[in-house]
Each structure stands twice: as C-alpha cells, then as structure tokens.
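Which chain is which? The protein sequence lines are S and U, in order.
Each residue of the first sequence is one higher than the one before, counting from 0 in numbering that gives the first Met the number 0.
Each residue of the second sequence is one higher than the one before, counting from 0 in numbering that gives the first Met the number 0.
No lab work stands behind these hints: they were computed from the structure.
A portion of the hints provided could be inaccurate.
As the list claims (entries may be wrong) - To give a feel for the contact side, a few chain U residues facing chain S, derived at Cβ under 7 Å:
| hint | residue |
| --- | --- |
| 1 | K1 |
| 2 | P3 |
| 3 | P19 |
| 4 | Q88 |
| 5 | E135 |
Unchecked claim - Derived list of chain U stretches under chain S, where covered just means 3 residues or more per stretch with a C-beta under 8 Å from a C-beta of chain S:
| hint | stretch |
| --- | --- |
| 6 | 11 to 18 |
| 7 | 90 to 104 |
| 8 | 237 to 251 |
Unchecked claim - Reference listing, derived: stretches of chain S covered by chain U, where coverage requires no fewer than 3 residues with Cβ under 8 Å from a Cβ of chain U:
| hint | stretch |
| --- | --- |
| 9 | 95 to 106 |
| 10 | 118 to 131 |
| 11 | 243 to 257 |
Everything numeric in this text was worked out from a predicted model, so none of it was measured.
The beta carbon of each residue, even a glycine, is placed where N, CA and C say it ideally should be.
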Amino acid sequence: MPGPTSPRETVLRVERLGYAYSPERFAIRDLSFEVGRGEVFGLLGRNGAGKTTTVRVLTTLLPPTEGTAELFGKDLHRCGRAERARIGVVLQAESLDFVSVERNLTLYGFLWGVPREVAKSRAEEMLALFELNEVRHRKPWGLSGGERRRFQVARELMHEMELLFLDEPTVGLDALTRKRILEYLARRARDGLSIVFTTHILQEADQLCHRIGVLQGGRLRASGPPAEVKRRYRGPRTVEAGFERALTDPERTDLLGLLTRHGEKFKVVSFEPSVLTFQAGNAEDLVAEISRWASPRDLDVDRISVREATLEEAFVNLVSDDAPADPGPRSEFA
Amino acid sequence: MKLPPVVRLVVRNFEANLDPITLLVMFGQPAFLIVILGTMFSGLISSVGSSGSYIAFLVPGMIASQMITGAVLCGRVFWLDRRWAMVEQIFSGPFLRAEYLAALLITALLFSLVGVGIMVLVALPLIGVPGLSGFELSVILGTIALGSLFFGGLLIAIGGRIRSANLYFTIQSVLQYFLVFISTVYYPVSAKTPLVLRAIVYANPLTYAANTVRDAFTHSFGAGDLVAGAVLTGLAVVSFVLAVASFNRLELGPVQ
C-alpha cells in the first residue's frame, strides 16, 4: 500500500519537540520528524510512550514546552483557527454529541461550516462507508465499542482537511472493518491527504504507513520506512535448512562448529536428523555458509527458508528493556 | 455562506447536549410552580407589598430565576462537552477558546430568555397582561442578561476547575436551590426575617435581580434598582473574568 517516497511538500515539521508536565516530568522529549503531503506517518509505542501527548501537542491542544514544530509552515505557537481549519483530529477519547449518529455527522459538518447539502451527501457516504446505516438513528452511546470508533472516524471525515491526526482509530474494530478503513485512508493519502496515525496494531502500521516513528519513554527511538526499521531492528531471523538425508553425527558436529565459528550470534532452535532450524542475526551469510559446507560432501540442501522479521518483532526488539541504544547518529533514517 | 463560528457553536449547543426531557423539567418546573404555588398561596396570602396578590409577586421572581435556569443549562452543556471530549474536539477545530466561551454565555442568555417567555405565557392567564413600558421591558431583559452572564460565568468557572461529574452536578444543584430559595423569588424579606437569613438573602445577587424585575412589573423602578443594576454588572464582569481564567487553566483530558 505505501507508495510515493519522492520529495513532497512538508505539511508538518517537528524539531526537538517536547512537552513537560513539570520541569522534572516530561511526557515527550526531543522529537524530530517530518510529514510530507500525502504521506502517512505512524507513531508507535507502548502504552504511555507519549503518542497521545504528541498528537495533542501537534493539534494545538497542549503547548509545547521545548523545541519547535511547524504546521503548514507556521510555528505551532502561532497556529490558530486558520491552521486548525486544515487539520482533522480523531482523538483517542470518545467524543460525541447527544443526538443520533446521522445528526452527529451533519451537525459536525455544520460546526465546520460544510454547506448543508454537501454535509447531507457526505453523511450518507460516511454512513455507508463505515457501515453505520443500520444505526444511523441511534444515539452514539448506544452503539457497540467498534461502532462508536467507526462513528468517530466517520464524523471527522465530514469536513475537508489536509492533515489528519488519528489517535488509535482502529481500536476495537474487527479485521474486515479495519481493512476497509485502512484502504480508505490509503486512498485518501494517495489523493494528497497527509496522515499522522498512532496505533498498537503494528501490522496495520506496516500496511498503511510510508514511515513510522517508534516512541519509548517519550523519545523517538527510531523512525523511517517500516522496511528500514524492520531491517535495522529485526533482531535474529529464523532459518530452516532441510537436507536430502539425515546428517551423521560427525556431520552435525562439523556443521554446528562451522556455524558457531562464523561468529554471528547464532542459536539452534532444533536439529532434527535432516532439518536444522536456527536463529541468527545475519542469516544470509550463514545460509551461504551452509551451501558451501554441503557442496563438497555431496549433500543436497533441499530447502532453505529465512523467515522475514515482522514489524512487531522489530518493535519488541526496540522497546524491550534490554534493547541496545539506537545505533544511528540520529533516529531519523529518511 | 458560512455562519460566524460563535453562531455555529450556539446552534450546536442548543441541539447537542440537551434532551427534550431535561428541557421539559428545567422549564416545566418553574412554570408548574407559578401555577401551583401562585394558586395555593394566593388563597393564603392576601397581599404582598406593592405587588398586590401573591401570584403577582411570584411571577416576576420566577422570571428573574430563569437566569439561573439558563446558567444551569449552559453549565450542563459545558460539563457534558468536557465529559464527552467535545471541548477538545472543538478546540482542535477552527474555533477560538474565546468563541467557545462566548457561545456558552450566549447559550445561557438565550435559554434564560426562552424561560422568561415560557413563564410569561404561563402567567398571562393568571395575572393578565402586565402593561410594561419599553423602558421597563428593557430593564427586565437587561437584568436577565446580566444575571445570565453572572451565573453562567460562575458555573463555567466552577465547571472548568472540577474533574468529577458527581461533584460538579452536586455543586450546581446546591447552588441552584440555595440561590433560588434564599432570595426574594418566592417570598419578600421583612423586618421579621431573621437577621442571618436577611443578610444571606441580600448577599445573593438573585435577590437584586428579582427585586429589579418586580419593580419593573409594578412600575416602581427607582434608585435602588440602579444600584442593583450596577452591582449585577460588576458581578457579571467578575464572573466573566473568573470564567476566562478558568478557561485559560482548563486541563483538557478525561474527566469522570
């Protein structure tokens, strides 16, 4: 789903941004990243990592206490109605009015100054897109958790915007609905909508985001395209090597000795008579080593598979307590 | 053509947070009291000062008390907006905080005027057409406006500092009943009234508002009402400043 990576107009520039509740207690610190037009930027992190605070600062709900940010080229401190009119925000907290789902949509459109007829047709579009037609006459608090979340996203899309902040928009949604919403957002991004997206579901960040940032303890541990973050923080990968016949004991000892001597972090998961499964940091080198070892022994390697790391694995490696410090000079790749 | 942001917010306030039953109770209760109290006590109390009958005394007081009704509804809108994160949603949209505050205060005023209209309609068959001059009508509406600003601002200031719905609505109820009952809305203050109660009644801004509205009804507007108007104006300014200060320090985020 992610596509364009060419240079685009920057709609959001964040430079060493921080927010502190008190001089000793900061929620986010030293955040730097950019979001281009039509780009989807995902903010990942554990609970309390600072994702929601980042969204609240960038949507002008909280004033930054350090650093700078520019929204559409204007300093965040000076951003007002004009800049806020160009953004949309789906907050993590449920926000609703005490009218029916349908009226909530049109009333929100009215609040944003969307012409009545446009609001009406857009409400129909959103009700259909987010599968809310059946509950259109019900009050939002009578909806299920998933329906309420869909309603929140649908309502925000009632008005035009250039940058959309979504704070965990897919919490509580089933897989199919999530897929539909992500596809819709990807389509909007292709049409030029920039999106800042926080989520716990790493698979969807991997699917939707052009770039991601991983927050830990209020700081950005890493950022870049998902593939880049995965490559850099994937940790050991699992390799399965299947041989044409069972290996003899001397062959097993020889092969293990060779792999161990290779120096890469290497851990045997299992060694069945003809199948060796192991984890290694640099799997490609060891795969080549195995082929070279087997060749003079007239031993065919039936299959070798290297399972690619998932973003979840990279994320866990990044935010686990014993994770190594970010090796890069800065946490920004792109 | 887009309506001004404050107007859009006011329209939304009227619709968004207030269910018909709440409105029925809020406006129905004082209307009910005019009919029941007015009818029952008029049989017991032969005359009350310059008002004449008890019901003629009660109606202007109930009209003045609508500033409390308007303020309570405005406070309710604000609190529910906080409770359901609509304050944050609106603040992250194309609105200024000052516009949201202004819209709340205008909402209080408009609800008060709706209440006044309802009270007048209910009272008309009981007391007849009051025959107010343009000046007296202006005095009544001005007093209601100042009172709405004062009480609305006060409830917004309190609502902005509290993070618990239970506490807010308890304070609001206590304040509402305290202000209405310890005032001259239902009964006059005389030399026989205990000194402590008299002091509290005269410390209550609603007393001045009720007296001013009553004087307008009895065509006896005088210097005392001018002083009352000045005091109410001062209090409205103070209340507005408190509301602004509360807004500036408003902690966004979850409330219970």
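Hints versus structure:
The closest approach between the C-beta of U/K1 and any C-beta of chain S is roughly 4 Å, which is under the 7 Å cut-off, so the hint is satisfied. Given the 7 Å rule on beta carbons, the hint for U/P3 is violated: about 10 Å separates it from the nearest Cβ of chain S. Violation of the interface hint for U/P19 is found here, the shortest Cβ-Cβ separation to chain S being roughly 11 Å, above the 7 Å cut-off. Interface restraint check for U/Q88: the shortest CB-CB distance to chain S comes to about 4 Å, inside 7 Å, so the restraint holds.
Interface hint status for U/E135: violated, as the beta-carbon distance to the closest one in chain S is roughly 38 Å, over 7 Å. Chain S is given as covering the stretch 11 to 18 of chain U, and this holds because 6 residues of the stretch bring a CB closer than 8 Å to a CB of that chain, at least three being needed. Given as covered by chain S, the stretch 90 to 104 of chain U passes the check, having 6 residues with a CB less than 8 Å from a CB of that chain where 3 are the minimum. Look at the stretch 237 to 251 of chain U against chain S: 1 of its residues bring a Cβ nearer than 8 Å to a Cβ of that chain, fewer than three, so the hint is violated.
With 6 residues bearing a CB less than 8 Å from a CB of chain U, the stretch 95 to 106 of chain S meets the requirement of three and the coverage assertion stands. Against chain U, the stretch 118 to 131 of chain S contributes 0 residues with a C-beta closer than 8 Å to a partner C-beta. That does not satisfy the three-residue criterion, and the hint is violated. Check result for the stretch 243 to 257 of chain S against chain U: violated, 0 residues qualifying (beta carbon to beta carbon below 8 Å, three or more required).
Checked against the numbered hints given earlier, the structure breaks hints 2, 3, 5, 8, 10, 11 and satisfies all the rest.
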